[in-house]
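> Next come the chains, spelled out residue by residue.
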Amino acid sequence: MSTTTSVENGSRSPLAKPPQNRKESDLMVRARASMQQLMAFGSLIVLVILFGILNPLFLTPSNLSDILLSTVVIGLLALGATFVIITGGIDLSVGTGMSLTSVIVGVTLTYMGLPLAFGVLAGILAGALIGLINGVLISYLRIPPFIATLAMMMVAQGLALVISGTKPIYFNDTPGFSQLALGKSIPGLIIPNAVFIFFIAAVIAGVVLSKTLIGRYTYSIGSNEQATALSGINVRRWKMWIYTLAGTFTGLAGVVIASRLNSAQPGQGAGYELQAIAAVVIGGTSLQGGKGSIVGTVIGALIMSVLTSGLRIINVPQEWQSVAIGSVILLAVYLDMLRRKDKSTG
Amino acid sequence: MSTTTSVENGSRSPLAKPPQNRKESDLMVRARASMQQLMAFGSLIVLVILFGILNPLFLTPSNLSDILLSTVVIGLLALGATFVIITGGIDLSVGTGMSLTSVIVGVTLTYMGLPLAFGVLAGILAGALIGLINGVLISYLRIPPFIATLAMMMVAQGLALVISGTKPIYFNDTPGFSQLALGKSIPGLIIPNAVFIFFIAAVIAGVVLSKTLIGRYTYSIGSNEQATALSGINVRRWKMWIYTLAGTFTGLAGVVIASRLNSAQPGQGAGYELQAIAAVVIGGTSLQGGKGSIVGTVIGALIMSVLTSGLRIINVPQEWQSVAIGSVILLAVYLDMLRRKDKSTG
Amino acid sequence: DTSTTPDAGAAATSEGQKPYVAIVSKGFQHQFWQSVKAGAEQAATEYGVEITFEGPNTEKDVAQQIEMLTTAMSKSPAALGIAALDSQAATPILDDAKAKNIPVIAFDSGVDSAIPVATAATDNKAAAAEAAKHMAELIGGSGEIAVVAHDQTSTSGKDRRDGFTEYMAANHPDIKIVTVQYGGGDQLESANLAKTIINGNPNLKGIYGTNEGSAIGVVKAVEELGLKGKLTVVGFDSGKAQMDAIRSGLMAGAVTQNPVGIGYETVKAAAAAIKGETVEKVIDTGFYWYDAKNIDDAKIKANLYE
Amino acid sequence: MSEYLLEIDGVDKSFPGVRALANMQLNVRPGEVLALVGENGAGKSTLMKLLSGIYVPDAGTFRIGGNKVDISGPKHAQELGVSIIHQEFNLMRDLTVAQNIFLGREPMRGPFINDSALNRQARELFDRIGVDLNPVQQVAELTVAKQQMVEIAKALSFDAKLLILDEPTAALNDAEVETLHRIIRRFITPETGAIYISHRMDELKVISDRITVIRDGEYVDTLDTETTTMPEVISLMVGREVSGTDRPATILAGRETRLEVRNLSTRELLNDISFSIAKGEILGFAGLMGAGRTEVARAIVGADKMSSGTIILNGQAVSIPNPARAAQLRIGYLSEDRKHLGLMLEADVAQNIMLSSLKEISKFGFINGRMLKYIAGEQVERLRIKTPSIHQEAKNLSGGNQQKIVIAKWLVKDCDVLIFDEPTRGIDVGAKDEIYRLLNELAASGKSIIMISSELPEVLRMSHRIAVMSEGRITGFLDNAEATQERIMELATQSERGAKTA
Ligand SMILES: Nc1ncnc2c1ncn2[C@@H]1O[C@H](COP(=O)(O)OP(=O)(O)OP(=O)(O)O)[C@@H](O)[C@H]1O
Ligand SMILES: Nc1ncnc2c1ncn2[C@@H]1O[C@H](COP(=O)(O)OP(=O)(O)OP(=O)(O)O)[C@@H](O)[C@H]1O
Ligand SMILES: O[C@@H]1[C@@H](O)[C@H](O)OC[C@H]1O
Ligand SMILES: [Mg+2]
Ligand SMILES: [Mg+2]
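Chains as they are written, first to last, in our numbering: chain A, 12 to 357; chain B, 12 to 357; chain C, 5 to 310; chain D, 1128 to 1629.
Incorrect hints may have been included.
Keeping only pairs whose Cα atoms sit at most 25 Å apart, straight-line, the calculated BS3-like set for lysine-lysine is [to be verified]:
id	chain 1	residue 1	chain 2	residue 2
1	A	K222	D	K1195
2	C	K232	C	K244
3	C	K129	C	K285
4	A	K178	C	K244
5	B	K195	C	K234
6	A	K302	D	K1486
7	A	K302	D	K1288
8	D	K1486	A	K222
9	B	K302	B	K222
10	D	K1288	A	K222
11	D	K1466	B	K302
12	D	K1195	D	K1332
13	A	K195	C	K104
14	C	K232	C	K297
Since the hints were derived computationally from the structure, they do not count as laboratory data.
Same shape as in the complex, but just chain A (with noise of 0.2 Å):
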């Protein structure tokens, strides 16, 4: 097509080039791009249209409103791991970094007896503290991703059972707690209140991921993590900065799952941060950083949870589920390959 028009305009130097082809082009890119997020959701919608047909309670408003509410913990997580990903790293304290943030909530709100607001408070700052640590810890002492968080998991898992002393923390004396998560603050609506944290926390990381400097340079990061130092950014400021924004979405993970639980529990958490890779990586970030959007990823969770929903919901025997998810899993990822098929030299 542009060479169309520069013969047309052959009397122009030969490098210009017209300037309504690059407008044109411009819609191009972006209608691919958000095609693919479309044919994401697409998948979304075919898994619950298939639920629904296999057994339509799946589809009440309750139940769907229930599938919301338990895409929220592994949702919040998934938010942070993003950036995580998209930066090239990998954040493994996600789980255990959650319940030691819930831990803390705990003991804020009913050992020290403290104000809601302020176990609230604690709980997020907590997190984005995790994630500063890790921060440091790869930036700084230019320690793997991996093996920081790695690491942090496992003293995260024990720090929260050290300082909940091996038990669960209960908020009985805090009534208001539960409702945090679990209240239907909007009136006639059934869909409780952690799932408006989910998505007000959805909006605000892709704002910040797609119109911040801290989004821009998570992706340059990314994508080449030696060319941005050298273009003059700070790279490890950055980078520690990225893994406390992540921590920050941990944290908030641990008061919801606090607030749901109405008690912190010490010793859950691991595996979840496998869960949130997955969620990251169905909604079609690449673990080897550069690529990926906040949208895909709450596609990504929203699939998870449908999927183990759905099969629990058409009464599939437990063993066949994880079989059932992991074939869903991979055909889902394929089909989003299969389309996105770019020339490769393999």
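Starting from the known structure of chain A, arrange chains B, C and D with the ligands on it as the hints suggest.
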């Protein structure tokens, strides 16, 4: 032709380096490489001595032999993972894959009543098959390794339960089977066979990685997959074989754990994958691909089991154990980083 | 009280289908849970109800269990069976069940709530004390022992640890528990762990394993170290490996619960509650000490599973 | 045997939004070197990738030795006797030099690779073709120039009939170029031929027999080198005249010093480097491969550690621990290795151009997206970057256009001191001219520019003064008026331990 002679005569073109440089860096390169492994080995020795001082019982032959034994399963998984990680991939299916292969051994020996050798073979082949499927998914269907092996992790978990009928399979009718791992074939030595199986497997893995084509292409693919393909190497096919090879070690691990427990436990294995990867990475293999060694992995696996056992024998409370392991791993890797400190642009 | 809901049951049966009972346990892969499931299925056939049985992958994952309960509630069951990992965390679901007039049967572990119409469970503390009593006898009332536990945070893990240690503290001051360590119920991990404990405590006289995986791990350790007969092992639960170990003398004995009975009683109570019949509030499914001597007794055998 | 070694006819190739080749034709005779020239983005590399089976043509025929062929992939190309050195390196950085060269052709001893035979083969190859490489050195440790040598050695290690070199000299300096030419001449026999792509017009005369010119994906003409002048070639390529080889005016004395480097040393190489640069000055850095020019630049901007030395900026000693600090002090560094150290290949043109300047166009951390597109678009026009859109991924651009993106990034950043390391690498003559003009404008507006270049004509044309390096030291400064290629080479080969090289 005249140029050839002029090169020999030393009236070389000005860009040429003085010839003694070549010899020098030959030696230097080698020296540096072996130094690194010596140092990693050093941290291991330091740990052993430290625990020995804190509790002399740590150093009893029986305890040391037990530590070696406790290294075997994770160690075998880590050997396979080393290949995969050097290609720049990852294998999350090793833990539950191991369970599935041990169930296959159980089916062969106990349900089908075939002779011992068949069971061993069936287990190893089952592992290879798991690897082959991973390889096909990754190479030919272009599914990212994380997703392909995560899906395989779930599928293997489910199949292990389905095939076994969600119960352990015992080897009581094949009394020789438990000797495979626990017998002491070398008279006068208290070290059980499993340890020797591991070390023989490690030697084989080491030779394959450093001396054979599949090993060379493992590094090459991890360094630059596209360039490897451009060199006329059938990258897809080799990658498929590399995953198959890794699966073989998973199969072997399945056989050994079944023999050690004298039963196939279908529910176990989740979580082992992270430990195996940790051993590989602690051993200096980079998750970016292109770099790594079997010696490193063996040392990494030993560091992990020495740490675990040592903290137990000096009676560190369990909740503090994970804090301590996390911290020591960080420290070990940090020291490793310090001496490798290469040029950075950060 | 034991008020039940004839409506719910009627609604389900009126369509000519069997009433549906959703059962969410604490685990799934353990033989213990498979036996509970078997008992539940047996009762389901006998009492003409439909059941599903599921549980989280690990007995730590409170949140996963809550998701399972939530999905179960979406299926509008006629009754709900629950072995809560954390009864407080399950409170909102129990409240929801109450609001919808769905009778709740607790099993395996009690629930801190008035909502369940019945509880079919083992008294874990008492069972652990029974194990302690036998351990004390077997080692002659003094010496060093250790505990390999399956979990640090779950109620069953804590109760079986505490029931044991408290009994020792109260009754046998000369017995010293040198360490309590946790192997997550993983056999391999527990075996490695037990070996380290034995290596680190040369005077050790006995080890207690708090569930199937832990106990078998300890047996493995003793077997591998060639200490059969020199170290007293007492365990918890059954399963083929434990029974073999008891027969061969590697293990002195163990406390078994009645998992099949737990499952059976749970569904039986559910079926009754659906019909609006009164059910017993507490169904003690009991526990039994078994060893080489009584392992083949009919009464014991009924409580063991392979 | 056919009259032609290779005939290409009627070849079309399009990418989304780009028609890279249209009805392309070309032929190579046995025993000749055919130069292929055209502007950045004209389609040269695309044609070569079709020839090596990396891309599949939309239309057209390829004949090798008279037989029509459908080249299915790199291996097939090799089997057909076609050996290619791509514009972008295709090396495995973690493998050694020898392992790279013989990848896929390892000598075996039973099931095992015979590494000593491998290294021996490599040494024999290097001796045969006359390059100095260490077979057991890791490629990651080599400079760009040495990596290029590895690529050349690799291509020659095949028993090729047709050798294709896509800008092999972009990373080489004049002495190395000579070595390469010698290698090529030795390769050419009555049975073999070569296609030689280059933007360095001076070498075409020396190495080629005929020159094929293409423009905008279309064939323009083929000329006999002997009977053609370079300005003719250039005007066919660019469609206009390009100015000659004027030299800059000598810089006015007494200008304020902008940057002074005193006694800079590094652990690895640099030894007591001192120089200063005035406002409005262009200081050229010349030297042979490995002389340490890149290291000087990296040390100044904090990318590498200095072991001793002081940097004085506008009269004040400053410490620069990393390039971020350098950028704060308005010192920018354009790296010589665009692929690894310059570009985000997967990111789009706009993001690449704006990377260094995002802070300047953001408020409270929010980036002004319209501004970003506007400025990036402006640069695309100004440098005539050939791309269908500012949203095109950088990896889809031709090599020269990628280089322009890296330059654009530093033009946007508005630094006071700009260190350009091989800035015109891979850039066509027309665009080079444009860039020279821009650099002169920048200098005229008071910026200080350090220009590291391996092309002596470029250094001579642009620099007010020239610093020459050898073995990690500065061996002399030349004013533009007194500088000649010969004097530069003299200083560049001056060894401290002179006795050794003698
Ligand atoms: N994979 C691709 N996807 C999209 N466009 C491409 C791709 N490869 C090349 N192009 C486009 O095709 C055109 C020709 O590129 P090519 O690399 O062949 O140019 P070239 O003549 O080698 O230029 P240079 O001298 O800068 O190396 C350019 O406009 C380029 O942007
Ligand atoms: N990545 C690297 N790893 C190891 N050594 C390097 C590396 N880069 C450069 N060197 C070494 O540093 C020295 C200086 O190289 P540098 O690139 O600074 O030289 P230069 O004068 O800029 O020459 P060139 O024309 O090659 O760019 C050389 O001896 C080279 O071998
Ligand atoms: O409560 C459970 C139980 O009764 C069984 O013994 O194993 C696991 C426990 O958590
Ligand atoms: Mg090109
Ligand atoms: Mg250089």
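> Is the Cα-Cα distance between A:K302 and D:K1288 25 Å or less?
Between A:K302 and D:K1288 the Cα gap is close to 42 Å, so the pair fails against 25 Å, i.e. violated.
> Does D:K1288 pair with A:K222 here, judged by a C-alpha cut-off of 25 Å?
Roughly 54 Å between the alpha carbons, so the hint for D:K1288 and A:K222 is violated.
> Measure nothing beyond the straight line between the CA atoms of A:K302 and D:K1486; if it is 25 Å or shorter, mark the hint as holding.
21 Å, holds
> With the threshold set at 25 Å, check whether the alpha-carbon distance from A:K178 to C:K244 stays at or below it.
32 Å, violated
> Has the given pair, D:K1486 with A:K222, been kept, meaning a C-alpha gap of at most 25 Å?
12 Å, holds
> Is the Cα-Cα distance between A:K222 and D:K1195 25 Å or less?
53 Å, violated
> Is the hinted pair C:K232 and C:K297 satisfied, with a Cα-Cα distance of at most 25 Å?
18 Å, holds
> What's the verdict on A:K195 and C:K104, does the C-alpha distance respect the 25 Å limit or exceed it?
The hint holds at about 18 Å.
> Holds or violated: are the alpha carbons of D:K1195 and D:K1332 at most 25 Å from each other?
Distance ~31 Å between D:K1195 and D:K1332 Cα, so the pair is violated.
> Is B:K195 within 25 Å of C:K234, Cα to Cα?
21 Å, holds
> For the pair supplied as a hint, D:K1466 and B:K302, confirm whether the alpha-carbon distance does not exceed 25 Å.
OK: D:K1466 and B:K302 at ~21 Å, within 25 Å.
> Is C:K129 within 25 Å of C:K285, Cα to Cα?
Distance ~20 Å between C:K129 and C:K285 Cα, so the pair holds.
Going down the numbered hints, you'll see the structure goes against 1, 4, 7, 10, 12, while the others check out.
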